[in-house]
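Enquirer: For chain Y, the structure is supplied; the task is to place chain E on it using the hints.
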Amino acid sequence: MDKLVSASEALSVIEDGMTVGIGGWGPRRKPMALVRELLRSEVKDLTVIAYGGADVGLLCAAGKVRRVIFAFVSLDFLPLEPAFRKARQAGAVDVMEIDEGMLLLGLRAGAWGCPYIPTRIGLGTDVLKNAPDIALVDSPYDDKEWVAMPALRPDVALLHVTRADRRGVCEIAGPDHYMDDLFARAAGHTVVSTEEMVDSTYFHDPTVARRVFWERNCTQAVVHLPGGAHPSSSDPLYGFDVPHFKRYNQLLSEDGYAAWVAEFLGDGEAAYQDNVGGLAGIQSLPLPVY
Amino acid sequence: MNFSLAELMVCAASRIFADEGEVLVTGIGLLPRLAASLAMRTSNPDIMMTDSQSFMLSKPNPVSGMANHEAQANENWMGFARIFDNVWSGHRHALVGPSQIDRYGQSNISALGRSYQAPKVQLLGVRGFPGNSISHANSFFVPAHSRRVFVEGECDVVCSIGYNPGRLPRGYRLADIDIRNVVTDLCVLDFLGPSHQMRVVSLHPGVSLDEVRDNTGFELAVAEGLSETAPPTEPQLLLLDELDPLDLRARQLKNNPPGNRTMEESAP
Numbered sequence: 256m257d258k259l260v261s262a263s264e265a266l267s268v269i270e271d272g273m274t275v276g277i278g279g280w281g282p283r284r285k286p287m288a289l290v291r292e293l294l295r296s297e298v299k300d301l302t303v304i305a306y307g308g309a310d311v312g313l314l315c316a317a318g319k320v321r322r323v324i325f326a327f328v329s330l331d332f333l334p335l336e337p338a339f340r341k342a343r344q345a346g347a348v349d350v351m352e353i354d355e356g357m358l359l360l361g362l363r364a365g366a367w368g369c370p371y372i373p374t375r376i377g378l379g380t381d382v383l384k385n386a387p388d389i390a391l392v393d394s395p396y397d398d399k400e401w402v403a404m405p406a407l408r409p410d411v412a413l414l415h416v417t418r419a420d421r422r423g424v425c426e427i428a429g430p431d432h433y434m435d436d437l438f439a440r441a442a443g444h445t446v447v448s449t450e451e452m453v454d455s456t457y458f459h460d461p462t463v464a465r466r467v468f469w470e471r472n473c474t475q476a477v478v479h480l481p482g483g484a485h486p487s488s489s490d491p492l493y494g495f496d497v498p499h500f501k502r503y504n505q506l507l508s509e510d511g512y513a514a515w516v517a518e519f520l521g522d523g524e525a526a527y528q529d530n531v532g533g534l535a536g537i538q539s540l541p542l543p544v545y
Numbered sequence: 491m492n493f494s495l496a497e498l499m500v501c502a503a504s505r506i507f508a509d510e511g512e513v514l515v516t517g518i519g520l521l522p523r524l525a526a527s528l529a530m531r532t533s534n535p536d537i538m539m540t541d542s543q544s545f546m547l548s549k550p551n552p553v554s555g556m557a558n559h560e561a562q563a564n565e566n567w568m569g570f571a572r573i574f575d576n577v578w579s580g581h582r583h584a585l586v587g588p589s590q591i592d593r594y595g596q597s598n599i600s601a602l603g604r605s606y607q608a609p610k611v612q613l614l615g616v617r618g619f620p621g622n623s624i625s626h627a628n629s630f631f632v633p634a635h636s637r638r639v640f641v642e643g644e645c646d647v648v649c650s651i652g653y654n655p656g657r658l659p660r661g662y663r664l665a666d667i668d669i670r671n672v673v674t675d676l677c678v679l680d681f682l683g684p685s686h687q688m689r690v691v692s693l694h695p696g697v698s699l700d701e702v703r704d705n706t707g708f709e710l711a712v713a714e715g716l717s718e719t720a721p722p723t724e725p726q727l728l729l730l731d732e733l734d735p736l737d738l739r740a741r742q743l744k745n746n747p748p749g750n751r752t753m754e755e756s757a758p
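Sequence order for the protein chains is Y and E.
Throughout the first sequence, residue numbering follows our numbering, covering 256 to 545 in sequence.
Throughout the second sequence, residue numbering follows our numbering, covering 491 to 758 in sequence.
Keep in mind that the hints are not guaranteed to be accurate.
To be verified - So, partial list: chain Y residues that the calculated Cβ filter (under 8 Å) puts toward chain E:
#1 Trp280
#2 Asp381
#3 Tyr527
Said to hold, decoys possible - Below are the SDA-like pairs computed for lysine to any residue, each with C-alpha atoms no more than 20 Å apart in a straight line:
#4 Lys744(E) with Leu333(Y)
#5 Lys610(E) with Met351(Y)
#6 Lys549(E) with Tyr545(Y)
#7 Lys384(Y) with Glu724(E)
#8 Lys341(Y) with Val611(E)
#9 Lys549(E) with Trp578(E)
#10 Lys399(Y) with Ser605(E)
#11 Lys610(E) with Tyr545(Y)
#12 Lys399(Y) with Ala665(E)
#13 Lys610(E) with Val544(Y)
#14 Lys744(E) with Pro334(Y)
#15 Lys549(E) with Val544(Y)
#16 Lys299(Y) with Ser263(Y)
#17 Lys399(Y) with Asp666(E)
#18 Lys384(Y) with Ser605(E)
#19 Lys399(Y) with Val611(E)
#20 Lys384(Y) with Gly656(E)
#21 Lys501(Y) with His581(E)
Treat the hints as calculated values from the structure; they're not laboratory data.
Virtual Cβ for every residue (Gly too), placed ideally from N, Cα, C.
Pulled out of the complex, with its shape left as it was, chain E reads as follows:
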């Protein structure tokens, strides 16, 4: 069966939400949103999701091909101020794309370079990362696993709290922080290594552990039962067609590589 790397990543990311129960899931960006939508349509129908604007939906909107918001399955009004009420309750799991992530699971979307007065590159700003990270579960989606993203030291601007003992607020334990998974174009990681060390859980088909290590700026733990990331199933791929009829997912990764590299090499 043929599947793209983007589809493999989406399916891997959707598994993050399978056992979450009734939480607000927010996938920022097309592939994370597809992953959340796929989970809501398959493994966890209790997921709550918004239309990325101002309504909660009982059925996820497609990520492409929608002409307007008129026929969507609204459940309740959910303006931006009200999102925070839910975020701070803790019943949420966000899947977001950081520009940098460090060994502690701290992330950066604000700026590159160490100067606060004049950053080398201004990015988005901290947005909701500080509040998300201390309030509820967070996972990360990294389309290009490299040392530029998985930085050697701390992130240039630490936007979200992670498992860094040096930054732990008074009265908190590391176990109060809930950074779950990182899904990249090479592998799936979690933070269940010794002392919350980032750990490789599965490698995508055809990817070696050395390649992951070469592209990571810090040492990784490796899960005892290190496995190959499960390929998408036929029903999952059919659902992705329904959730993304214009196949925008094919335009998210450079050159839309196949999900199984060994198949690429053996192709005529």
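One chain only, chain Y, in its complex shape:
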């Protein structure tokens, strides 16, 4: 089965009002080129589930988002993502703010076909007060109350990987696959962007096969987008773009989304990459040191 398609073909499955799960973590390995293609589309009223960074910020700033399910939205070295912050403070988006681990459990429940997973997380905090649709349940085994973290089931997941073949076998060569495997399993339809396309024989090496964290029947579309995580990192190929993020922060906190669009977005990924200094420049960004 050949799943290789263009970004616009891959994203044509996304309709108004759908729930979109986005992989990566903060400024790390985000499917930003796919997000940019969404920004160029007419789609709206999305619910976004993410360990958020610029992906969540830009989609909110572009008015694509009705609701965000999140634990944080951060660029790490810039702790507060400017566009999400603006949208929140303006009351422009609804939110379901939950613990990082609750998000993991929700995706796992979605992936496993469970209605919920019981957990202690959230007890005693405003997470429960602010999310009345998260129920408390009794346990048949003790006298405590438990948080019933409901299943999260994105209609579509967007993920960015290091290498993939045309059948959707995906390698994440960086040090962490984050919750991408759970997004892929919980979603009804998974779109993967990849730095490199490889022949299926590439995966014969067992050390490479160990870096495949979900099976190809969890991936429905593959888009070849080298540099597609920019400005987030795509370890081990390139780091996140610190100067760009500083400019991004300035534009989105002071000048607004239209100014960012005018300076960077372009009518396609090639134009975007020209606006940020070219693919070779992206690929030479140093890896971050923590």
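Expert: Just chain E, lined up with the frame of chain Y:
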């Protein structure tokens, strides 16, 4: 001996972990991470620590001056999903910096203002605070002790559970919650006052109890043997140089004040 307030706070915070045994210690922010690293190198070599990315280390990385992650002392892979497996086991002690903390030891890093739909100031989000607070020991690091942080009422957004009887979940006792210490630029506190009241344990050199009270929005208990926070030792300061060769710790507190105010006043 000269030492900065940041160094005094780091050394005070590192003592929190001395008797913890084999737990995952997570210090969020440069000074808390230095405190955890110092403890791992001195009082408690059994501490487990990550590289803030995806590996557990058998020796802490320096917080400055590292060119890359290639030569670090990896122990095991520890991706973010796996962190939660360890967190939920309870074998962890986190040292984190809240934007607000209240009398119950509840904290806030999510947002300021009471509106959930449109907060006055959006901060980070609750991150892992709810899960951390109900799963394992937690301590707090406050670089600027003030009534803005030590709020009069409850935190605007209660991100972590504390010793609040009104919020105690069914089937839980207050003793099931484990909020340990708060280290600030004025003092060290714990929650061993009557009914888990926040309590001043030691004052930094030159700080008065009144100053602590003036900068706290609620009543504090005072430890019977209220003492002065112990100054850093020479070996500790040498280790801090090794763990932070670029002296980034000097840039964490405004104007990098000295650790002993009385020495500042008597200086020529």
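Enquirer: Next step is simple, just say for each hint if it's right about the structure.
Expert: Hint check results:
no. : hint                     : result
1   : Trp280                   : holds, 6 Å
2   : Asp381                   : holds, 4 Å
3   : Tyr527                   : violated, 27 Å
4   : Lys744(E) with Leu333(Y) : holds, 19 Å
5   : Lys610(E) with Met351(Y) : holds, 17 Å
6   : Lys549(E) with Tyr545(Y) : holds, 15 Å
7   : Lys384(Y) with Glu724(E) : violated, 49 Å
8   : Lys341(Y) with Val611(E) : holds, 9 Å
9   : Lys549(E) with Trp578(E) : violated, 24 Å
10  : Lys399(Y) with Ser605(E) : violated, 30 Å
11  : Lys610(E) with Tyr545(Y) : violated, 31 Å
12  : Lys399(Y) with Ala665(E) : holds, 15 Å
13  : Lys610(E) with Val544(Y) : violated, 33 Å
14  : Lys744(E) with Pro334(Y) : holds, 19 Å
15  : Lys549(E) with Val544(Y) : holds, 16 Å
16  : Lys299(Y) with Ser263(Y) : holds, 15 Å
17  : Lys399(Y) with Asp666(E) : holds, 12 Å
18  : Lys384(Y) with Ser605(E) : holds, 12 Å
19  : Lys399(Y) with Val611(E) : violated, 35 Å
20  : Lys384(Y) with Gly656(E) : holds, 13 Å
21  : Lys501(Y) with His581(E) : violated, 38 Å
Hints 3, 7, 9, 10, 11, 13, 19, 21 from the earlier list are contradicted by this structure; the remaining hints agree with it.
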